[in-house]
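Keeping their order, the protein sequence lines are chains R and G. With the UniProt record's numbering as the guide, the letters of the first sequence map in order to residues 1 to 511. With the UniProt record's numbering as the guide, the letters of the second sequence map in order to residues 1 to 377.
Worth flagging that the hints you see were computed from the coordinates, not collected in a lab. Only a predicted model underlies this, so the values are computations on that prediction, with no experimental measurement involved. Among the clues, some could well be false.
Under 7 Å between C-beta atoms, here's a sample of chain G residues computed to sit facing chain R [stated by the list, open to error]:
#1 ALA282
#2 ARG283
#3 ALA298
#4 SER314
Taking CB as the label site, the calculated pair distances span [said to hold, decoys possible]:
#5 G:PRO18 to R:THR316: 23 to 33 Å
#6 R:GLU180 to G:LEU277: 31 to 41 Å
#7 R:THR316 to G:SER59: 51 to 61 Å
#8 G:LEU324 to R:SER313: 19 to 29 Å
#9 R:SER321 to G:ALA35: 43 to 53 Å
No residue lacks a Cβ here, since even glycine has one placed at the ideal position from N, Cα and C.
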Amino acid sequence: MDGEYIQDVSDDDGVEVASRSGNNGAAGGAYGARARGRTRAKERWESGIQADSIAFGEGPDGNLAESLEAEEQARKRARLRQDNKPVQRGIIRHVVLILDLSEAMLEKDMRPNRYIVTINHAQAYVREFFEQNPISQMCVMAMHDGLCIRLSDLSGNPADHIAAIQGIRYPKSARQAAREPKGSPSLQNALEMARAALYHAPSHSTREVIIVLGALLSNDPGDIHKTIKSCVNDRLRVAIIGMGARLRICQEICAKTNAGDDSVYGVCQDEKNLRELLMATTTPPVIRQTAPALPSSEPTPNAASLLMMGFPSRVTESTPSLCACHNNLTRGGYMCSRCQVKVCSLPRACPSCGMTLILSTHLARSYHHLFPLQSWVEVSWKRARELGSTECQACMTHFPPVPEPQEPDAMQEGTDKSTGTDTANGAPKPVKQRPRAEGASESSRYECRSCHCHFCIDCDVYCHTVLHNCPGCLSNPNTAPTDAETNPEVVAEMAAGLENGVNGGEPMDME
Amino acid sequence: MNAIDGTDRHVRDSDNSPPPSLLTVILDTNPHAWALLSDTLPLSKAVANLLVFINAHLSFNHANQVAVIASHIQRAQWLYPTPHPPRSSSSPEENGTSTPTPPSATKYHRFAIIERELQDNLSRVISQTTAADLTSSTTTQIAGALSIALSHISRATQLSSPNDSSGISLDSTGPTLSNPTDTPTDPADGTPRARRSPLTSRILIVSVSGDLAAQYIPVMNSIFAAQRQRVPLDVLKLAGDTVFLQQAADATGGVYIAPSSPSARAGLLQYLMMGFLPDARARAALVMPGGGEVDFRAACFCHRRVVDVGFVCSVCLSIFCEPLEEGECLTCGTRLSLGAAVAAKPVVVPRPKKKKKRKVGDITGTSTPMSAGTPGP
Ligand SMILES: [Zn+2]
Ligand SMILES: [Zn+2]
Ligand SMILES: [Zn+2]
Ligand SMILES: [Zn+2]
Ligand SMILES: [Zn+2]
Ligand SMILES: [Zn+2]
Numbered sequence: 001m002d003g004e005y006i007q008d009v010s011d012d013d014g015v016e017v018a019s020r021s022g023n024n025g026a027a028g029g030a031y032g033a034r035a036r037g038r039t040r041a042k043e044r045w046e047s048g049i050q051a052d053s054i055a056f057g058e059g060p061d062g063n064l065a066e067s068l069e070a071e072e073q074a075r076k077r078a079r080l081r082q083d084n085k086p087v088q089r090g091i092i093r094h095v096v097l098i099l100d101l102s103e104a105m106l107e108k109d110m111r112p113n114r115y116i117v118t119i120n121h122a123q124a125y126v127r128e129f130f131e132q133n134p135i136s137q138m139c140v141m142a143m144h145d146g147l148c149i150r151l152s153d154l155s156g157n158p159a160d161h162i163a164a165i166q167g168i169r170y171p172k173s174a175r176q177a178a179r180e181p182k183g184s185p186s187l188q189n190a191l192e193m194a195r196a197a198l199y200h201a202p203s204h205s206t207r208e209v210i211i212v213l214g215a216l217l218s219n220d221p222g223d224i225h226k227t228i229k230s231c232v233n234d235r236l237r238v239a240i241i242g243m244g245a246r247l248r249i250c251q252e253i254c255a256k257t258n259a260g261d262d263s264v265y266g267v268c269q270d271e272k273n274l275r276e277l278l279m280a281t282t283t284p285p286v287i288r289q290t291a292p293a294l295p296s297s298e299p300t301p302n303a304a305s306l307l308m309m310g311f312p313s314r315v316t317e318s319t320p321s322l323c324a325c326h327n328n329l330t331r332g333g334y335m336c337s338r339c340q341v342k343v344c345s346l347p348r349a350c351p352s353c354g355m356t357l358i359l360s361t362h363l364a365r366s367y368h369h370l371f372p373l374q375s376w377v378e379v380s381w382k383r384a385r386e387l388g389s390t391e392c393q394a395c396m397t398h399f400p401p402v403p404e405p406q407e408p409d410a411m412q413e414g415t416d417k418s419t420g421t422d423t424a425n426g427a428p429k430p431v432k433q434r435p436r437a438e439g440a441s442e443s444s445r446y447e448c449r450s451c452h453c454h455f456c457i458d459c460d461v462y463c464h465t466v467l468h469n470c471p472g473c474l475s476n477p478n479t480a481p482t483d484a485e486t487n488p489e490v491v492a493e494m495a496a497g498l499e500n501g502v503n504g505g506e507p508m509d510m511e
Numbered sequence: 001m002n003a004i005d006g007t008d009r010h011v012r013d014s015d016n017s018p019p020p021s022l023l024t025v026i027l028d029t030n031p032h033a034w035a036l037l038s039d040t041l042p043l044s045k046a047v048a049n050l051l052v053f054i055n056a057h058l059s060f061n062h063a064n065q066v067a068v069i070a071s072h073i074q075r076a077q078w079l080y081p082t083p084h085p086p087r088s089s090s091s092p093e094e095n096g097t098s099t100p101t102p103p104s105a106t107k108y109h110r111f112a113i114i115e116r117e118l119q120d121n122l123s124r125v126i127s128q129t130t131a132a133d134l135t136s137s138t139t140t141q142i143a144g145a146l147s148i149a150l151s152h153i154s155r156a157t158q159l160s161s162p163n164d165s166s167g168i169s170l171d172s173t174g175p176t177l178s179n180p181t182d183t184p185t186d187p188a189d190g191t192p193r194a195r196r197s198p199l200t201s202r203i204l205i206v207s208v209s210g211d212l213a214a215q216y217i218p219v220m221n222s223i224f225a226a227q228r229q230r231v232p233l234d235v236l237k238l239a240g241d242t243v244f245l246q247q248a249a250d251a252t253g254g255v256y257i258a259p260s261s262p263s264a265r266a267g268l269l270q271y272l273m274m275g276f277l278p279d280a281r282a283r284a285a286l287v288m289p290g291g292g293e294v295d296f297r298a299a300c301f302c303h304r305r306v307v308d309v310g311f312v313c314s315v316c317l318s319i320f321c322e323p324l325e326e327g328e329c330l331t332c333g334t335r336l337s338l339g340a341a342v343a344a345k346p347v348v349v350p351r352p353k354k355k356k357k358r359k360v361g362d363i364t365g366t367s368t369p370m371s372a373g374t375p376g377p
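With the hints as extra help, turn the sequences into a complete structure.
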């Protein structure tokens, strides 16, 4: 078995290199590339040994702890090093998540087995997806015994999907049996089902399919290439997360439906990797210019449009009344702005008139995709000495002290000897230096290029993945008032709009 | 000293002890706004009340922590713990500013430290404010203060639960999601879920100034980060009018109290003690104030008109009050089709003219009424 896997992997090598160089920073590009790089390692334990041996090799003077720490920092930062130019992204998404429930999911290479691990991660994924994409829609399907079955309908409510995914193992009604993995999957059936489900998705939204595929085969009733072609015609974008080995057909599906970019096809080698690959797809995909290969039946495939949305206010009631969404008795909720029907949670489509009901804060939640935070750069010892930073600007963690200029300490940092010598003789050197482990800073400091504050690795990761703010820029007199990287006019416009709006257009009582 | 008065004691071994709690106070020190309040509630009095509140928080549990950040005009600054400003000499010195006089013997050591550092740092912040600063801006850097507070909380949470090596495995794998029946292991790394006493954090914003317009996106980002970390943002609004903060409290499950009258402001300590002292865990068992009707209506970007039904650009998510005549988004300039917006309106379906046409004897009668009945785009 193992021999086959290796064979399979090495066959793809040429393609891999080509696609990596052509990787244009699309959503999940970094993840995909990384996953592919690591696919060659057969087992988790084996890759662990390799990492260790590299660390040994790098510390000839026996300074092992520091190189391991650098590895760790590089690993944390790997996910941040994406091209973060503001690009237009498909903020309003329609996604079909397809889980594999075939025999292959009973493999025990993840504990307890792939099936349970996938189901657990899928639930986390749904929640994260709606955190990131509050005005998007999702639908969950499963490939089971040759068929593709629909678990939940297209909707914007994460609870529905989580319940459906839980229902795979613990069915809600007694007459249904739990779906244990069985038979083989069919990619063709899955794609056809997804195509049907996404057929009515409006033109301003994306149509995406995300497949978690455990099997190394697809048992199709017909010609899958015809299906791929019709998927391309329907503007479907397919991302596949495989397990065990790369499949030629999956690569083809991903490449053809993503305008030749197959970086959305990743193979996870362990549980953590699976989670990372899944989470990478929560970032909205970049909008490409009309693909040339696309025979345009519609005039503008990614037509932007003006959407009608309702901004309901919350009401509280003294007596409970039925909500329109679940038929539960509740006290209070949100009234549809158009038809005055009561719903219990937002965002959702009004069950009565179909209008999208949303809070203006939901719209604001997607702004960090439109105005991303710029990357922070590694800091050399020289630069650290120049600024004299002793602790993280945000969390006040102490940095390792800056070594004295003539001390050999600076030299023994990693394999990059030039760093050390430059520091020693004080040659002018810009901030950007690449010490040993790619992405890790030799001084454990990371600098924001606009406010020149230094941060620790944890704040770097946190600010770029969760907060999307630079604490230095926002608390610094020179950079604070207008966030340098965002478009100040837009910001002011929006802010003024919201502020005045809720004040009811009255002039504000400042001073 | 620390060992005697219990400062260094960490109650961690017994599982039934309440989990430690981190309270981060963001004190709005906008001089313009405090000047307006000076006759009813001077800043010094507010700080004194705040210190009592902080001491009460620390008395609950030996492991409780506190952090105070000033949200000043144009900058945000740590008040406690004391930051170490960058300096060129690289010799590490501990607590350079605050060791000279030993605290009085009658005061709990930790209270005394906090009081002294807070007052020292606050007076430094105020003395460093120049006249030019005052004239250039009237708003407070709440976004910066929030960002710092959240980074600090993220780090503190990570330190308190060393199991969590990934650092960013927030609530997506956290306690709320995992249901006990089917996740015996932590989905993040497969280790058994043995979270001993996680740190619960909250942020209290004592706000006096309004008009946070310039910081709309950073404040919103901070709110969402707090939401993901399950950090409630409590707001005590002493003056000014900011809708942001009410929405922030609402979105994160925090408490929003706005004592508006001067007499109500005089009871600042009571508001603090009654409204904000319980931590997230205690709040589950209490009926907390607030939670009434919240106005969530939006305002259009074109006329600042309050709307409950708006038109949203699908590219940049700007809100407009009416369909745009030119069909071009005023913010991002994208050409927008009105198709979806208009088609979403219910259309009155014209009565199919089946019968009539049948009478005439038209053979194509089956296909025409169908197309006539479909609401056109
Ligand atoms: Zn309901
Ligand atoms: Zn309605
Ligand atoms: Zn930090
Ligand atoms: Zn910065
Ligand atoms: Zn308008
Ligand atoms: Zn726009």
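Taking the hints in turn, this is what the structure says about them:
no., hint, result
1, ALA282, "violated (24 Å)"
2, ARG283, "violated (19 Å)"
3, ALA298, "holds (4 Å)"
4, SER314, "holds (4 Å)"
5, G:PRO18 to R:THR316: 23 to 33 Å, "holds (32 Å)"
6, R:GLU180 to G:LEU277: 31 to 41 Å, "violated (51 Å)"
7, R:THR316 to G:SER59: 51 to 61 Å, "violated (35 Å)"
8, G:LEU324 to R:SER313: 19 to 29 Å, "holds (25 Å)"
9, R:SER321 to G:ALA35: 43 to 53 Å, "holds (48 Å)"
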